[in-house]
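Enquirer: Residue numbers (numbering that gives the first Met the number 0), protein chains in the order written: chain V, 0 to 447; chain R, 0 to 316.
Fair warning: there could be bad hints in the mix.
[Claimed, not checked] Part of the chain V face toward chain R, derived, beta carbon under 10 Å:
#: 1; residue: 92
#: 2; residue: 129
#: 3; residue: 299
#: 4; residue: 357
#: 5; residue: 361
[Claimed, not checked] If you want the footprint, here are the derived chain R segments under chain V, 3+ residues with CB under 8 Å:
#: 6; segment: 243 to 253
#: 7; segment: 302 to 314
FYI, nobody ran anything at the bench for these hints, they're computed from the structure.
Glycine is no exception: its CB is placed at the ideal position from the N, C-alpha and C atoms.
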Amino acid sequence: MALSGLEIYKLLPASSKDPEVKKHGNCKECGFPTCLAFAMKLGQKQAELSQCPYVEEESKAQLEASAAPPIRLITLSGDGHKLEVGNETVLFRHEKTFYHQPGLFVRVKDTQADAAEVAKAVGEYTVDYVGMDLTLDGVAVEADGGDFAATVAAVKEACPLPLVLLTEDPVTAEAGLKAAEGIQSLLWAATPENWEAMAKLAGEYKVPLAVHVDGGDVDALAALAEQVQGTGVEDIVLDPGVRDHVSSLSVFTQLRRLALKKNERKVGYPLIAFAGDDPVLAGQHIAKYAGFVVVDGFSPGTVYPLLVMRANIFTDPQKPIQVKPGVYEINNPKPSDPLMVTTNFSITYFSVANEIESSGIPGWLLVADAEGMSVLTAWAAGKFDAERIAKSVTSTGIGEKLDHQRMVIPGHVAVLMGELEEELPDWEINVGPREAVDLPNFLKMQWG
Amino acid sequence: MPTIEVPKEKWSGKVREITLGATAADGGTRAKTVTVGGETTLPYLHFEGDIPHPPAIAIEVQDRKPADWSPVLLEAWGDVTEDPAAWAKAAEEAGADVVMLRFSLHDDLSAEYARETLRVVLDATGLPLIVFGPGQAELDNDLLVPVAEEGKGEKLVLGVCEDKNYRTIVAAALAHGHLVDARCPMDVNLSKQLNILISDMNLPLERVVMDPTTGALGYGMEYGYSVMERLRLAALQGDGMTQQPMLVTPGEEAWRAKEARTEEGVPEAWGDWAERAVNWETLTASALVESGADILVLRHPESVKRVRAMIDALMSN
Ligand code: SF4
């Protein structure tokens, strides 16, 4: 957990009990007038500890530990695709944001004839959502008595994404790691029985290692992680062995709380979850604290909603997604079709666009730059007024695409009508409904 | 081995328990009632508090065959969509705890029509009812007042009750022994404020469910999700005006999304239509279960099955 400026001050030379160290106190060599001033800057992460040449070793260790993130950042990589998870700082997304989306992996078995085919489909899958390309993160290859090394090699060949190697047998694991050389895979798993051999492999092949205990035993998990860490393996992932809804919710919440609120280093790592073929469970893992989610089977009709869910939960609540201001054509409009105005808050835009689109009515949607706010919020904040709407009419040149000069404004901003008529004297302004859902009916009745 | 102490929160607040429906003993005609709320911790963290009641699943039934529903939905229900009584029975068989009767927008809406429709649905099912108007404040008032009279004593949930029309709906609920669905547009303070206005009219808070407004997956789900988490945290921290059980409408919202509604002109990457559509509803609903929903209004029978399985799993402790 981050230390405050005053807590840091207690570890600097001016506070030292050793007179040999204390005599340097406030020497200004760090570039700050006093140790206290330096401490404050360190607390705000605006200075580096190395700027002070006199910090005692013990204090240094404490300060460095406190600067490490409570949940370690783990990186996997494939052939050109990198995945980072961890470094989370909050339990609820509204407190700040969730930073690193959990990696979504599709599991295949080494006894599965179509493993490489599935891997290929996983690697190629991409889908557009509000202008973002959403993709999966890799394939989890499970040793199930087949030819593990050959399957890993085939999967790696077919799919450029990172891999998770699922085996508890060190000999099999090594064969898999050899086959996966050149990319950064996750090895699952070290158990209380095999951890020494697995930790050795993780060290040799420089891959992160998942530690796995049964039944959500947090003590056993922490002990195992500590043992593995003791061998020099720093990149650890936790698998508390819970597979159902209620125990994974409890145990994952407990582990996240321990890491964030108790600064419990032994469990300060991302979690891996196995959701089987249950998309609802996978959804829970996305929202509630998994760093890696492994699902069985690849089907776009399930993968797409899960990727959207992940994008939603990991949207920064302080920075709502915006759409680009401009003119959007819906259902191939002709010059005589209606023009509607709304803001560039993505949800506002999508509700309006979705209603028009599904009604089948062709139309032009003018999206004004309202700094990503909804109609009412933007209007209240002065970001969606007559001037801004008029400006977007001129800057987009929408008038030239139409054979009329008539526009529909949202019912919530009916008060803008007068001013808008002044700003755009050649235009006829119509007040539309307040809610997007009533727009198709409004157009049917009022436009024409 | 030193044991790690699992941190537990000590919450001082508790969500209000609210009962939908009334049996003959309580002046109604329902075969059973449904109680929700009563939580003393965050969703399903049984290790630090009580979750006395599972969230209730309501199935939406409309007064006539919906003109704008996805064929995936209409096919799933078949002929019963022609007849609200048959539909309500089918909803009961499909595993609903509660039936939501929703009036759609058409020219035959009248007080008399509303009474008659309510009557046939009350006669067809023994489950508690939620009754929603078409969602236009004035029209809702015109329909819900006669509904409240006709269903006197049944402890219906009347909705939606918003800042625009809460006076009329609350007065009707007060006069005839019903509950209200207090809806605000995804905002913690507005929700509190509406609860205060409603309780100022002397409707006991034991008869108010809070409706934070639902966003579908991909269309604002996360806003509702976070507002619900904040409302629930406030409730557990002891803020009395946020301690209402929460009602959400993932069925309606998810099935408005293009992803659920149509197969024409959609990208191949969206996959199989029916699979995607049911996932859209199910994942919207399940995210809201995680953030504290107490009543979920759903549309597709398969979503009902899956959300039920999730709830059973989360309640099995
Ligand atoms: S370098 Fe700065 S922090 Fe270090 S002893 Fe001197 S004044 Fe204090």
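Enquirer: With reference to the structure, classify each hint as holding or not holding.
Expert: Now for the hints, and whether the structure bears them out:
no., hint, in the structure
1, 92, "6 Å, holds"
2, 129, "8 Å, holds"
3, 299, "3 Å, holds"
4, 357, "6 Å, holds"
5, 361, "14 Å, violated"
6, 243 to 253, "violated (count 0)"
7, 302 to 314, "holds (count 7)"
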